[in-house]
Amino acid sequence: MQNENMISKIREGGVAQGAEHAEERKRLLTEDLGYRTAEKAEYALIASCFNPLLEPQDMKAFAKLLEYYKVDYTLLPKEYCCGDPFYLHYVNDKHEGDLEQADELSKEFFEENLKQARNADATKILAYCAGCDMAFQRFSDSVPEEIMWHPTLLAQLFQGGKLELEADFYPGCHRYRQELNNSLPDLDAVRTVLSKIEGLELTEFGSELCCMKPDELESLVPLIKHKTIITPCSGCTLFLRKALAEQGDYRVFMLSEVVWAAVDGHPL
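In the working numbering, the protein residues as written are 3 to 270.
These are computed hints drawn from the structure, not numbers from a lab.
For each residue, glycine too, the CB sits at the ideal point set by N, CA and C.
Accuracy of the hints is not assured; some may be wrong.
[What the hints assert, rightly or not] Okay, the calculated beta carbon distance ranges per label pair:
id, residue 1, residue 2, range
1, 32, 183, 44 to 50 Å
2, 183, 10, 23 to 29 Å
3, 22, 243, 24 to 30 Å
4, 209, 10, 36 to 42 Å
5, 80, 251, 36 to 42 Å
6, 209, 36, 30 to 36 Å
7, 210, 34, 36 to 42 Å
8, 93, 270, 30 to 36 Å
9, 268, 243, 19 to 25 Å
10, 113, 203, 33 to 39 Å
11, 270, 216, 39 to 45 Å
12, 70, 98, 46 to 52 Å
13, 251, 40, 37 to 43 Å
[To be verified] Cut-off 27 Å, straight-line C-alpha distance, at most; resulting in silico cross-link-like pairs (DSS-like, lysine-lysine):
id, residue 1, residue 2
14, 164, 72
15, 28, 72
16, 126, 109
17, 198, 62
18, 198, 66
19, 80, 28
20, 117, 96
21, 96, 109
22, 80, 117
23, 109, 28
24, 229, 126
25, 117, 28
26, 126, 80
27, 126, 62
28, 126, 66
29, 244, 229
30, 72, 126
31, 117, 72
32, 126, 28
33, 72, 198
34, 109, 42
35, 42, 66
36, 62, 42
37, 66, 229
38, 227, 164
39, 62, 244
40, 80, 109
With the hints as constraints, model all of the structure from the sequences given.
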(Lines of atoms letter the chains of each structure in order from A and count residues from 1; the text may use other names and numbers.)
(Lines give C-alpha, C1' and ligand atoms only; values in the text may rest on other atoms or scores of the structure.)
Protein backbone atom coordinates (compact mmCIF):
# COMPACT_ATOMS: atom_id res chain seq x y z
CA MET A 1 0.00 0.00 0.00
CA GLN A 2 1.40 3.38 -0.98
CA ASN A 3 1.73 6.30 1.44
CA GLU A 4 -1.68 7.99 1.38
CA ASN A 5 -0.44 10.95 3.40
CA MET A 6 2.29 11.68 0.86
CA ILE A 7 -0.18 11.28 -2.01
CA SER A 8 -2.47 13.88 -0.41
CA LYS A 9 0.45 16.25 0.18
CA ILE A 10 1.55 16.03 -3.45
CA ARG A 11 -1.95 16.61 -4.77
CA GLU A 12 -2.29 19.66 -2.54
CA GLY A 13 1.16 21.22 -2.73
CA GLY A 14 2.85 19.61 -5.71
CA VAL A 15 5.99 18.45 -3.95
CA ALA A 16 6.26 15.50 -1.59
CA GLN A 17 6.79 17.76 1.44
CA GLY A 18 3.35 19.28 0.94
CA ALA A 19 1.96 22.79 0.56
CA GLU A 20 3.48 23.99 3.84
CA HIS A 21 6.97 23.61 2.33
CA ALA A 22 6.22 24.47 -1.30
CA GLU A 23 6.57 28.24 -0.89
CA GLU A 24 9.84 27.97 1.02
CA ARG A 25 11.18 25.62 -1.64
CA LYS A 26 10.17 28.10 -4.34
CA ARG A 27 11.89 30.93 -2.46
CA LEU A 28 15.02 28.81 -2.06
CA LEU A 29 15.14 28.00 -5.77
CA THR A 30 14.56 31.53 -7.02
CA GLU A 31 16.18 33.75 -4.38
CA ASP A 32 19.01 31.61 -3.01
CA LEU A 33 19.89 29.29 -5.89
CA GLY A 34 19.27 31.65 -8.79
CA TYR A 35 16.63 29.88 -10.88
CA ARG A 36 13.94 31.72 -12.82
CA THR A 37 10.36 31.36 -13.95
CA ALA A 38 9.44 32.58 -17.43
CA GLU A 39 6.18 32.69 -19.35
CA LYS A 40 7.71 30.92 -22.36
CA ALA A 41 10.82 28.75 -22.62
CA GLU A 42 12.36 25.90 -24.59
CA TYR A 43 13.10 23.80 -21.50
CA ALA A 44 10.80 23.09 -18.56
CA LEU A 45 13.10 22.37 -15.63
CA ILE A 46 11.99 19.86 -13.02
CA ALA A 47 14.07 20.76 -9.97
CA SER A 48 12.80 17.83 -7.84
CA CYS A 49 11.22 17.84 -4.39
CA PHE A 50 14.26 17.40 -2.18
CA ASN A 51 17.41 18.34 -4.12
CA PRO A 52 17.09 22.10 -3.49
CA LEU A 53 17.52 21.19 0.19
CA LEU A 54 19.90 18.24 -0.17
CA GLU A 55 22.21 19.63 -2.87
CA PRO A 56 21.98 23.44 -2.80
CA GLN A 57 25.60 23.97 -3.86
CA ASP A 58 25.32 21.74 -6.90
CA MET A 59 21.95 23.18 -7.81
CA LYS A 60 23.37 26.69 -7.54
CA ALA A 61 26.21 25.65 -9.84
CA PHE A 62 23.74 24.20 -12.34
CA ALA A 63 21.78 27.48 -12.33
CA LYS A 64 25.02 29.33 -13.11
CA LEU A 65 25.76 26.93 -15.95
CA LEU A 66 22.29 27.46 -17.41
CA GLU A 67 22.90 31.20 -17.37
CA TYR A 68 26.45 30.87 -18.69
CA TYR A 69 25.27 28.84 -21.68
CA LYS A 70 22.18 31.03 -22.14
CA VAL A 71 19.76 28.12 -21.88
CA ASP A 72 16.15 29.15 -22.42
CA TYR A 73 14.43 27.48 -19.46
CA THR A 74 11.80 27.98 -16.81
CA LEU A 75 10.77 26.45 -13.52
CA LEU A 76 7.15 25.34 -13.41
CA PRO A 77 4.69 27.48 -11.44
CA LYS A 78 3.68 24.41 -9.40
CA GLU A 79 6.03 21.49 -9.88
CA TYR A 80 4.61 18.08 -9.00
CA CYS A 81 6.60 15.18 -7.54
CA CYS A 82 7.73 12.70 -10.20
CA GLY A 83 6.50 9.71 -8.18
CA ASP A 84 9.96 8.33 -7.47
CA PRO A 85 9.21 7.66 -3.76
CA PHE A 86 6.37 5.33 -4.76
CA TYR A 87 8.62 3.33 -7.08
CA LEU A 88 11.26 3.08 -4.38
CA HIS A 89 8.62 1.80 -1.95
CA TYR A 90 7.63 -0.89 -4.44
CA VAL A 91 11.21 -1.99 -5.13
CA ASN A 92 12.01 -2.26 -1.42
CA ASP A 93 8.79 -3.91 -0.23
CA LYS A 94 7.31 -5.69 -3.29
CA HIS A 95 3.68 -5.40 -2.15
CA GLU A 96 1.10 -6.58 -4.66
CA GLY A 97 -0.41 -3.70 -6.61
CA ASP A 98 2.16 -1.12 -5.53
CA LEU A 99 3.89 -0.91 -8.91
CA GLU A 100 0.61 -0.37 -10.72
CA GLN A 101 -0.35 2.32 -8.21
CA ALA A 102 3.07 3.95 -8.54
CA ASP A 103 2.62 4.13 -12.31
CA GLU A 104 -0.87 5.61 -11.94
CA LEU A 105 0.33 8.26 -9.50
CA SER A 106 3.46 9.09 -11.45
CA LYS A 107 1.44 9.47 -14.65
CA GLU A 108 -1.09 11.70 -12.87
CA PHE A 109 1.65 14.00 -11.57
CA PHE A 110 3.62 13.90 -14.82
CA GLU A 111 0.55 15.10 -16.69
CA GLU A 112 0.22 18.03 -14.27
CA ASN A 113 3.82 18.99 -15.01
CA LEU A 114 3.28 18.46 -18.72
CA LYS A 115 0.29 20.84 -18.79
CA GLN A 116 2.44 23.60 -17.33
CA ALA A 117 5.36 22.84 -19.65
CA ARG A 118 3.05 23.03 -22.66
CA ASN A 119 1.56 26.30 -21.42
CA ALA A 120 5.12 27.64 -21.57
CA ASP A 121 5.59 26.20 -25.09
CA ALA A 122 8.43 24.05 -23.76
CA THR A 123 9.49 21.23 -26.07
CA LYS A 124 11.95 19.64 -23.66
CA ILE A 125 11.53 18.37 -20.10
CA LEU A 126 14.81 18.77 -18.21
CA ALA A 127 15.11 16.65 -15.06
CA TYR A 128 17.76 17.62 -12.54
CA CYS A 129 17.29 14.45 -10.48
CA ALA A 130 18.14 10.95 -11.70
CA GLY A 131 15.02 9.66 -9.95
CA CYS A 132 12.80 12.13 -11.79
CA ASP A 133 14.41 11.13 -15.06
CA MET A 134 13.75 7.47 -14.26
CA ALA A 135 10.07 8.14 -13.59
CA PHE A 136 9.56 10.40 -16.61
CA GLN A 137 11.25 7.98 -18.98
CA ARG A 138 8.48 5.47 -18.25
CA PHE A 139 6.16 7.79 -20.21
CA SER A 140 8.60 9.16 -22.79
CA ASP A 141 7.21 7.11 -25.67
CA SER A 142 3.74 8.57 -25.18
CA VAL A 143 4.66 12.29 -25.43
CA PRO A 144 6.28 14.39 -28.17
CA GLU A 145 8.44 16.34 -25.73
CA GLU A 146 12.06 15.30 -25.33
CA ILE A 147 12.86 14.19 -21.79
CA MET A 148 16.46 14.51 -20.66
CA TRP A 149 18.55 14.24 -17.51
CA HIS A 150 20.64 17.34 -16.82
CA PRO A 151 24.05 15.72 -17.55
CA THR A 152 22.81 15.01 -21.08
CA LEU A 153 22.33 18.74 -21.60
CA LEU A 154 25.72 19.53 -20.06
CA ALA A 155 27.37 17.06 -22.45
CA GLN A 156 25.85 19.02 -25.34
CA LEU A 157 26.95 22.41 -24.00
CA PHE A 158 30.28 21.91 -22.25
CA GLN A 159 33.28 22.18 -24.56
CA GLY A 160 35.99 21.94 -21.94
CA GLY A 161 37.55 23.55 -18.90
CA LYS A 162 40.39 23.17 -16.45
CA LEU A 163 40.47 21.84 -12.90
CA GLU A 164 43.51 20.41 -11.17
CA LEU A 165 42.05 17.59 -9.10
CA GLU A 166 42.49 13.91 -8.35
CA ALA A 167 39.19 12.24 -7.54
CA ASP A 168 37.26 9.00 -7.51
CA PHE A 169 34.21 8.65 -9.73
CA TYR A 170 31.28 6.59 -8.51
CA PRO A 171 28.63 6.40 -11.26
CA GLY A 172 26.17 4.64 -8.97
CA CYS A 173 24.50 1.28 -9.54
CA HIS A 174 20.99 2.66 -10.26
CA ARG A 175 19.69 -0.73 -9.25
CA TYR A 176 16.02 0.07 -9.05
CA ARG A 177 16.03 1.95 -12.34
CA GLN A 178 17.54 -1.16 -13.87
CA GLU A 179 14.84 -3.27 -12.25
CA LEU A 180 11.97 -1.00 -13.30
CA ASN A 181 13.12 0.39 -16.66
CA ASN A 182 15.78 -2.12 -17.65
CA SER A 183 18.08 0.83 -18.32
CA LEU A 184 20.66 3.16 -16.82
CA PRO A 185 20.59 6.95 -16.82
CA ASP A 186 22.84 8.69 -19.34
CA LEU A 187 26.11 7.89 -17.60
CA ASP A 188 27.95 8.22 -20.91
CA ALA A 189 27.07 11.92 -20.82
CA VAL A 190 28.57 12.21 -17.35
CA ARG A 191 31.77 10.51 -18.45
CA THR A 192 31.95 12.66 -21.58
CA VAL A 193 31.69 15.85 -19.55
CA LEU A 194 34.31 14.79 -17.03
CA SER A 195 36.68 13.67 -19.80
CA LYS A 196 36.71 17.23 -21.18
CA ILE A 197 38.12 18.73 -17.98
CA GLU A 198 41.86 19.30 -18.30
CA GLY A 199 43.75 18.42 -15.13
CA LEU A 200 41.02 16.18 -13.70
CA GLU A 201 42.35 12.71 -12.97
CA LEU A 202 39.62 10.19 -12.21
CA THR A 203 39.56 6.68 -10.82
CA GLU A 204 36.21 5.00 -11.46
CA PHE A 205 35.03 2.43 -8.93
CA GLY A 206 32.20 0.35 -7.58
CA SER A 207 29.35 0.68 -10.07
CA GLU A 208 28.31 -2.91 -9.30
CA LEU A 209 27.85 -2.03 -5.61
CA CYS A 210 24.88 -0.16 -4.14
CA CYS A 211 25.53 2.59 -1.60
CA MET A 212 21.94 2.25 -0.30
CA LYS A 213 22.54 -1.32 0.90
CA PRO A 214 24.56 -1.39 4.15
CA ASP A 215 26.42 -4.61 3.31
CA GLU A 216 27.41 -3.36 -0.14
CA LEU A 217 28.29 0.10 1.17
CA GLU A 218 30.67 -1.58 3.61
CA SER A 219 32.43 -3.17 0.63
CA LEU A 220 32.28 0.05 -1.38
CA VAL A 221 34.05 2.38 1.05
CA PRO A 222 37.45 0.58 1.02
CA LEU A 223 37.57 1.02 -2.77
CA ILE A 224 37.79 4.80 -2.39
CA LYS A 225 41.33 6.00 -3.14
CA HIS A 226 41.04 9.79 -2.99
CA LYS A 227 39.58 12.36 -0.62
CA THR A 228 37.26 13.70 -3.31
CA ILE A 229 34.45 11.64 -4.83
CA ILE A 230 32.30 12.68 -7.78
CA THR A 231 28.92 11.07 -8.40
CA PRO A 232 25.98 12.16 -10.58
CA CYS A 233 23.27 10.92 -8.19
CA SER A 234 22.08 12.90 -5.17
CA GLY A 235 21.02 9.70 -3.42
CA CYS A 236 24.58 8.46 -3.71
CA THR A 237 25.99 11.71 -2.33
CA LEU A 238 23.73 11.36 0.70
CA PHE A 239 24.77 7.81 1.53
CA LEU A 240 28.45 8.31 0.73
CA ARG A 241 28.68 11.41 2.91
CA LYS A 242 27.07 9.58 5.81
CA ALA A 243 29.42 6.63 5.41
CA LEU A 244 32.53 8.83 5.20
CA ALA A 245 31.59 11.42 7.82
CA GLU A 246 33.73 9.91 10.57
CA GLN A 247 36.55 8.63 8.38
CA GLY A 248 38.35 11.86 7.58
CA ASP A 249 38.02 14.97 5.45
CA TYR A 250 36.30 13.37 2.46
CA ARG A 251 34.33 15.51 0.02
CA VAL A 252 31.53 14.32 -2.26
CA PHE A 253 30.47 16.42 -5.26
CA MET A 254 27.86 16.11 -7.96
CA LEU A 255 28.54 16.96 -11.59
CA SER A 256 27.48 20.60 -11.93
CA GLU A 257 29.67 21.86 -9.11
CA VAL A 258 32.69 20.22 -10.75
CA VAL A 259 31.83 21.57 -14.19
CA TRP A 260 31.21 25.10 -12.93
CA ALA A 261 34.59 25.09 -11.18
CA ALA A 262 36.22 24.02 -14.47
CA VAL A 263 34.36 26.70 -16.45
CA ASP A 264 34.78 29.50 -13.92
CA GLY A 265 38.39 28.67 -13.11
CA HIS A 266 38.07 28.32 -9.35
CA PRO A 267 39.27 25.36 -7.24
CA LEU A 268 36.90 22.97 -5.55
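Now the hints, each set against the structure:
1. 32 <-> 183: 44 to 50 Å: This hint is violated: roughly 32 Å between Cβ atoms.
2. 183 <-> 10: 23 to 29 Å: Roughly 27 Å apart at Cβ, these two residues keep to the hinted range, so it holds.
3. 22 <-> 243: 24 to 30 Å: At roughly 27 Å between Cβ atoms, residue 243 and residue 22 fall inside 24 to 30 Å, so the hint holds.
4. 209 <-> 10: 36 to 42 Å: holds, 37 Å
5. 80 <-> 251: 36 to 42 Å: holds, 41 Å
6. 209 <-> 36: 30 to 36 Å: holds, 32 Å
7. 210 <-> 34: 36 to 42 Å: Hint holds: Cβ distance 37 Å, inside 36 to 42 Å.
8. 93 <-> 270: 30 to 36 Å: holds, 33 Å
9. 268 <-> 243: 19 to 25 Å: holds, 22 Å
10. 113 <-> 203: 33 to 39 Å: Taking Cβ atoms as reference, residue 113 and residue 203 lie about 45 Å apart, which means the hint is violated.
11. 270 <-> 216: 39 to 45 Å: violated, 29 Å
12. 70 <-> 98: 46 to 52 Å: Holds, at about 49 Å.
13. 251 <-> 40: 37 to 43 Å: The hinted range 37 to 43 Å holds for residue 251 and residue 40, with Cβ atoms some 41 Å apart.
14. 164 <-> 72: holds, 21 Å
15. 28 <-> 72: holds, 22 Å
16. 126 <-> 109: Holds. Residue 126 to residue 109 sits at ~17 Å (cutoff 27 Å).
17. 198 <-> 62: It holds: about 21 Å lies between the C-alpha atoms, which stays within 27 Å.
18. 198 <-> 66: At roughly 19 Å apart (the allowed maximum being 27 Å), residue 66 and residue 198 satisfy the hint.
19. 80 <-> 28: holds, 9 Å
20. 117 <-> 96: Status violated; Cα separation ~32 Å.
21. 96 <-> 109: Given pair residue 96, residue 109 holds - Cα atoms ~20 Å apart, limit 27 Å.
22. 80 <-> 117: holds, 11 Å
23. 109 <-> 28: holds, 23 Å
24. 229 <-> 126: Violated, at about 37 Å.
25. 117 <-> 28: Holds, at roughly 19 Å.
26. 126 <-> 80: holds, 17 Å
27. 126 <-> 62: Given pair residue 126, residue 62 holds - Cα atoms ~21 Å apart, limit 27 Å.
28. 126 <-> 66: holds, 19 Å
29. 244 <-> 229: Since the Cα atoms of residue 244 and residue 229 sit roughly 14 Å apart, the hinted pair holds (cutoff 27 Å).
30. 72 <-> 126: holds, 15 Å
31. 117 <-> 72: Satisfied, since the Cα-Cα distance of roughly 24 Å is no more than 27 Å.
32. 126 <-> 28: holds, 21 Å
33. 72 <-> 198: At roughly 20 Å apart (the allowed maximum being 27 Å), residue 198 and residue 72 satisfy the hint.
34. 109 <-> 42: holds, 24 Å
35. 42 <-> 66: It holds: about 20 Å lies between the C-alpha atoms, which stays within 27 Å.
36. 62 <-> 42: holds, 22 Å
37. 66 <-> 229: Holds, at roughly 26 Å.
38. 227 <-> 164: Answer holds: residue 227 to residue 164 is near 22 Å, not above 27 Å.
39. 62 <-> 244: holds, 22 Å
40. 80 <-> 109: holds, 16 Å
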